[in-house]
Every structure is written in structure tokens, then in C-alpha cells.
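S.K.: Using the hints provided, position chain A relative to the given structure of chain Y.
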Amino acid sequence: MRVAIIGAGVIGLSSALCIHEQFHGLVPSLELEVYADHFTPHTTSDGAAGLWQPYLSDHGNLQETLWNKETFDYLLGHLHSPAAKEMGLFLISGYNLFTEPVPDPSWKNIVLGFRNLTPKELELFPGYSYGWFNTALMLEGRSYLPWLTNRLTQRGVKFFHKKVESFQEVSGDGVDVVLNCSGMRAGELQPDPELQPGRGQIIKVLAPWVKHFIITHDLKSGIYNSPYVIPGSEFTVLGGIYQHGNWSEENSAKDHKLIWDSCCRLLPALQKVKIVGGWSGLRPARPSVRLERESIRLGNLQAEVIHNYGHGGFGITIHWGCAMAAVRLFGSILQEKQQLATPPGPRL
Amino acid sequence: MASPKVAVVGAGVIGLSTALCITETCPCCSVTVLSDQFSPNTTSDVAAGMLIPHTYPDTPIHRQKQWFKETFTYLFAISNSAEASEAGIHLVSGWQVFKSTPKEELPFWSDIVLGFRAMSEAELLKFPRHRFGQAFTTLKCDCPPYLLWLEKRLKATGTQMYTRKVADLWELHPEYDIVVNCAGMGAQQLVGDKQLFPVRGQVLKVHAPWVKQFIRDGDGLTYIYPGIHRVTLGGTREKGSWNLSPDAGTTRDIFDRCCSLEPSLQRAQDIEVKVGLRPSRQCVRVQREDLSQGGVKLPVVHNYGHGAGGFSVHRGTANEAAHLVGECISALQGSSSRAKH
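In order, the protein sequences belong to chains Y and A. UniProt numbering numbers the first residue of the first sequence as 1 and each following residue consecutively. UniProt numbering numbers the first residue of the second sequence as 1 and each following residue consecutively.
It is possible that part of the hints are untrue.
[What the hints assert, rightly or not] A few chain Y residues that face chain A, going by a derived Cβ cut-off under 7 angstroms, partial list only:
#1 85
#2 92
#3 113
Honestly, the hints are just simulated from the structure, not real lab data. Each residue gets a CB set at the ideal place from its N, CA and C atoms; glycine is no exception.
Okay, chain Y solo, but in the shape it has when bound (with noise of 0.2 angstroms):
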């Protein structure tokens, strides 16, 4: 059986390995072929810092604050296995700062460590009256991403670099399962109003002495539009831009002089750093994710689409527990297709 995944960022490739390792061996010749028009370091996610962090509020929907939740212990689980650095995975802590009071975080439970910030710890950041203190993780796209891929091809994973037009390309032929994990463009290949891009713009500089995460909220400007300092392993990524609907994937200097002035605001040391880089990368945003099944009727064939895309700003934060509900998906259409007697046992 042929299975094609559309998409080489983290989705794509974690889905594509969580796939394998589930259902390889009980699948007679399983095939596995990822198609993309963007490989590492070309994604989306490999521009995202990588912190591990959901947004302030789940607006209810549990089935996310669960993904992430199976997201970080998976991530906690490996941080002492010999694959960590290879994997970018690190534990890192820090601030989130607020003007006034808000609600705990539906992940307050999640983080290790989580806490409200001290006077004394607040006297660093004027303007702010109200935070948290919590350790979290980075998974840094650019080692993440390779390191997928290098788990995907010893698996024998075959990758084709192409921009994949429409479902009907990639399916037929002895290709039974498409996922869709297209990211930002999922549009091109059906319609969906839902689906916007949320642009973000950062600075990357060298400030080897800022050991801390700092996120600050604006609750009226939203998440993402106020100064954040996210210190990485090679450099420290300065960023505070979510523009909803603009898809201009070029650096603007407004953006820049915002970032740069208000950051340096929050760090006054950071007025001395050398910039090293700067990216745009466009979020792409849904109200919620979708990880859904459809059947496709293309002309007298009959494709099964796992759509897994929309993850906005959470993407690192979210993509093994979509993964694994990818895979559950997955399972559920092999038993109708009577390859499995019986679902897979309790590892799902």
C-alpha cells in the first residue's frame, strides 16, 4: 500500500514517521513517499524558533490542549536520549509578561515548574505588573527537521522534490492514502476560507548571555504582536509580528525597526548585538486545526485524504499528538479496507 504525504515540514515528516513506525510490518509493503516543493531549511518550520508553547487560551477546545499535552511528554521523554542535541531538543525557561492579571493557561499543568512572577522578578521588566515563570522546551526546526529526515530515509521513506498541484496528482496509480500536510498552501489543493495566513517577521542576533525565553501580551494587539526574545542554540531570535491576512513573505523594515525597538526596550543589552539574519514566514492560521478524513471521489477512483494542516503559530508545539491522531485515522480506514483484522493495540 502507497501512502503519499504532501508536505515536508514538521507535519508532514512527523506524520510520515509516526505512519512508519506504527503500521510498518503489520502493512504488507508499506509505502511511504513525501512530496514537497520545500525541503529543510525551507519550511515554515524551520523559521519558528521553536519554543514549545501553546497560545493563553485553547477557547475550549480540548482535543488541542491534549496534542500538545502528548507533544511535550513525547519531547520530555526523549531529552536524555543520545538523539536530543541531533534532535534540537533542549529545556529552557522563562517569562511571559502581562500588563494585568489574566487566567492561567490551559498548559499551566503541562510545563514544568509553572508560576506567577515575584515583585522582585517583575522590577526587570517595566511596564509589565503580572507574569509566569515556567520550563518548557525548544525543538529547533532546523535540527528537527533533518534529523525526521534522516529517521524517514533509513526507513526507507522516499522523498520527491515537487510542487504537488492537486489530490489527483499524488493519488490513483496504487496510492490509497494521501496526507495533506501542506501547511500554508493547503488551499491550492481545495479551497478553504478558513485557513489565513498569520505573517510573523524576526531578528536574529547574537546574545549568548540571554539564557531565558520572554514573551510579552498585548491583549488587545493579540498573540504574537508584542516583543518576544527567544534565545536558540546557535543564535537569539527577536520577533513580535502577527499580521493577520498578509501573505508577503519578504522582510519589511517597519516590521524590523518594531521589532528591533521594541525588544531593545524589553533587553536594553540587546542594543549592542550583531544581527546575524532576519525571516518572514507566514503562520498558517485556522480557528482550529483540521485533522479530519475525507473521501475523495476522483473520477471513478476513490482517494482517502487525511487532512492535517492550520496549526498557526503551535505547529512545533501541537505535531506529535497530531501525528498520532493522524495515525489513528490512518488505522481506521486500513480496517475498512480490511488490511488490519483488528485495529492496532494500545500503543495508539
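M.R.: Positioned in the frame of chain Y, the structure of chain A alone reads:
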């Protein structure tokens, strides 16, 4: 006495910070720093510079707490300013873990560091051999940057600094009116203090930029302290050893102990080995002593014996020493005005 001449012997963190405090509290003085070693060759350069106090058995706790508080407050302000990166001062969070619950769960400094609390069960899962832990955020002074920054501040006040080995404090008379002894381990020979003894520490400085958190075993022997460019892995506490040469077996042992706390360190690169002798004493000697020889007086202020806790209390003891220098100046001015009558 128009402009008292003060000689500060020693250019580690204690000597330089004491000299700086003197220029701040006694602006009438001229201060000169004399040392056989300057950064990057001082004991301070080997240390990680973490603000986690060492408890001195014979110094009253309230005094140690005061020293630590003053030091923390001073560095906190720098860490929050535009000079933070130049001065090498940065905040770092992490964990201190214990194999068995310590008698004192709340150390005297727990309300001075930031966000001090007991580690949660979930956090302790990362340390299967440890049963109890403390989480907090503190400050780190990276050397050489911090020492170089102190030297820069001193030069700006007109303080001179000379490489010179002082074998006897009386050498400095009559060129200098007051001598401040911040010679660290050198004080054993310089002033014959038999209560001062070395505690040898070997450390590794490695490249592991993904390590953002500190981890310290409560026994004080194993620690991982992320600095600006390198992570310090430690260590040893060998009482009475004067051996400044790195030991290969010790290097292996330190590396293994640190990897068992943080397995990702197996991937660390560019391992540099360093050795320092902690100038240890049952209590830090911050004290005035008026030396006298053949009718001649030489006022001395001692500020040495900080052992494992130099960085943690440096500014507090420097302030106290500078205050004592002020007393010496008053005494000299008093006696010189008496002499006029």
C-alpha cells in the same frame, strides 16, 4: 593629608571590586592596584561566578546574608542595564538537587535569589537518583568579561594598575599610606595567615550552547553552570592541595558526573580544563590591622579568605573593606592634624 594613597594588592574579583568601592566611597584617595596576576590568569577567572553562597562556619549568618544581598542587588541592576553583556552579568535559572533531603530546606539566601521554591515531582523525575530539589533564578558573573569591565571602570576613575609581585606589605611603605590586602591565596605567604588554606577545584569549560539551565548537586561537588560562551562543569573540593596542574582522571570523573545529571553533555565540544585554588578560611577576613614596625605605622585593611563564595559576596565585602579604608583615612587625618599641634 591631601590625597591618601591606597594600594590594593590583588586583581581578582575581590581586589578589583574593593578598589572600585574605595574610589566610590573615598573619592579623595588615589588608588593603585598591584598584582602579580591580572585577568585572565587569576583564580576568579577559573570560577564559574555563580551567585550561590558558600556558608562560612565562623562568620555570623546575618553578616553573610548582608554581603550576599548587597552583591545580588548590585549585579541585578547591572544585568538589567545596557551594560549587562559587556560586564558579563546574566540571569540563569536552574535546579539544585539532593540525594537526600537536606536538614535545612530553606537556605539563608532563599529570599534573595529569585523565585526560590521546592522542585515539583515532575521536575524531579529528570533526576532519578535525587529525592529533593530547589528551583530558583540567580545571577552569574562571567570571567574574564566581569573582571575586564571592573578594570575599565577603575581606569575611568584614574586608578593605576601595575603587574608587581608584592612579597611583604612593608614594601609598599612609604609610597602608599594605606594597604588593602586582597591577595586571596597569596595572603598565606604575604601575611603569614595559617588559617588560610587552599581548596583545589578543577573544572571543565565546554561548548554546549543548548544548555540554558544550571544544575547543581547539593553536595557541591557536581555542577553545570551555563555561561555566555561556555558551560562550566565541575568539580572538586580538595582541601590542602596546592596542585595547579589539571588531572586527566579527574577530568574524566567530572565529565561523567555531569553527564549523569545532563546526558546531552556527551555531545559537548572543545573541552578546556582549568584549576583554581579557593582561598578558604573558616571566616572571611574583612578587618583593619594597623601594622607597626620601629615606630612606623602602616594601616592595612584585609579582605581575603572568601573560599568558594568569592563571587557571591564580593561586593558586600568590598563595601565593608572600603568603609574600613575610610576609617583608616580618618585616623590618619586625625593623627596628622594632631601632629601639627
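S.K.: Against each hint, give a clear statement of whether it holds in the structure.
M.R.: Consistency of the hints with the structure:
1. 85: With a closest approach of 4 angstroms, the residue 85 of chain Y hint holds.
2. 92: holds, 5 angstroms
3. 113: holds, 6 angstroms
Violated hints are absent here; each numbered hint is respected by the structure.
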